[in-house]
Amino acid sequence: SQTIHQWPATLVQPVGSPLSLECTVEGTSNPNLYWYRQAAGRGLQLLFYSVGIGQISSEVPQNLSASRPQDRQFILSSKKLLLSDSGFYLCALKPSSGASYNEQFFGPGTRLTVL
Amino acid sequence: AQSVTQLDSHVSVSEGTPVLLRCNYSSSYSPSLFWYVQHPNKGLQLLLKYTSAATLVKGINGFEAEFKKSETSFHLTKPSAHMSDAAEYFCVVSIYNQGGKLIFGQGTELSVKP
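Quick note, the sequences are listed as chains X and W, same order.
Oh and the first sequence: position 14 is 14 in this note's numbering, straight run, nothing missing.
For this note's numbering, add 1000 to where a residue sits in the second sequence, where the first one is 1.
Chain W with its partners taken away, still in its complex shape (with noise of 0.2 angstroms):
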């Protein structure tokens, strides 16, 4: 079975400070994740996606993941946040062979201090 686990419920950081929120996945498969973004009463924007090529993956926005799966995770990060960050994050990991489904993190509220 498949399962993500987002390690932090709320992050609070300065402006211009890095930010690093941290994902752990279980999967029996080689897995495809993803990091969207959340800002309020507004949908799911994808920041990235990892889908087994290079582990090291960039997105929108300045953001960044890594794959590791000696460590089962799939942290996101930014060398600086900006206030614009400022919104709730969700880890996804995408369900095996069942239609694309996907099964997302309880997520993680990203607070950005001026």
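If we strip away everything but chain X, and leave its shape as in the complex, we get (with noise of 0.2 angstroms):
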């Protein structure tokens, strides 16, 4: 079965630093993989996904940028974090095939506090 890890499990950041979130996946090859974000008590939104090595869509213009070196890393980045970025960061995979190929599985998260 699939394995989703995040790190950090929790990072504290001044305004202006730099960002950089990972997500690796186990279990599974040539996954869809979604970055999300939950600001405090708000549902998910969906930031960016990737189908494929290389391959980013961007769900919503902000300060956040995603990339996809290998088939099973997703990384979060920022050059620059506003206040606004704070929030629960959730990774999540599609597999590409299988009985559960419709579903998406999600990671334990970063929560992210911008000071």
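Everything labelled a hint here was simulated from the structure, so no lab data went into it.
None of these values were measured; they are calculated from a predicted model.
The C-beta atom is built at its ideal place from N, Cα and C for all residues, glycine as well.
Hints are all accurate, no fakes.
Over 10 angstroms on every C-beta distance to chain W, these chain X residues come out as not near it, computed from the model:
1) Q2
2) S17
3) S20
4) E22
5) T24
6) E26
7) Q70
List of simulated lysine-lysine pairs, DSSO-like, C-alpha gap at most 30 angstroms:
8) W:K1042 x X:K80
9) X:K79 x W:K1101
10) W:K1049 x W:K1101
11) W:K1042 x W:K1113
12) W:K1042 x X:K79
13) W:K1049 x W:K1113
14) W:K1069 x W:K1058
15) W:K1101 x X:K80
16) W:K1058 x W:K1042
17) W:K1058 x W:K1068
18) W:K1101 x W:K1069
19) W:K1113 x W:K1058
To give a feel for the contact side, a few chain X residues facing chain W, derived at Cβ under 8 angstroms:
20) R42
21) L44
22) K94
These two chains come separately, so use the hints to put the complex back together.
Okay, structure coming up:
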């Protein structure tokens, strides 16, 4: 079965500092990968998704970017953090085949606080 | 366009009583629908999914949901609430033909009183 790792689990960063959040997956090949943000008391907002290495689709204009340098690695970055970037960031995958191909599986999340 | 609306932002029940979390969807196509649960500061866990098979879907932890096309609803139920059910619940619809992207409802927070 697939496993999703995210790190760090929590992060406190000053405004204007850079950001790099990493997501790696195991137990699946060529999955679709997704980055979501969950602001306090709100639902999930899709930020980016990727259907393959080097292929990134952005859902909303923002201060963040994403990259997929390897099939099982998905990175969320920012050059300069804003206060509004605070939130709970979730990485998810959708298998490319199999009984669960239309499901998304979520990682444990990273809690980012920008001060 | 597809969308999903969770009708209650917060539901409070007593332990041992039934749970009903309401969800309505809008879709031009036959939708795939999901319920996810999120415990505090945790990722999301899939409770159950509907993908045009049986309209009554059974999930984990005693939860089930019924797809009603005529009412465009996919309400989540459980006969008897347990303290461990206290969490945030999300109703989700899959966007047709767009790489498996999901649209999330705003969530319903379930509280369970002893």
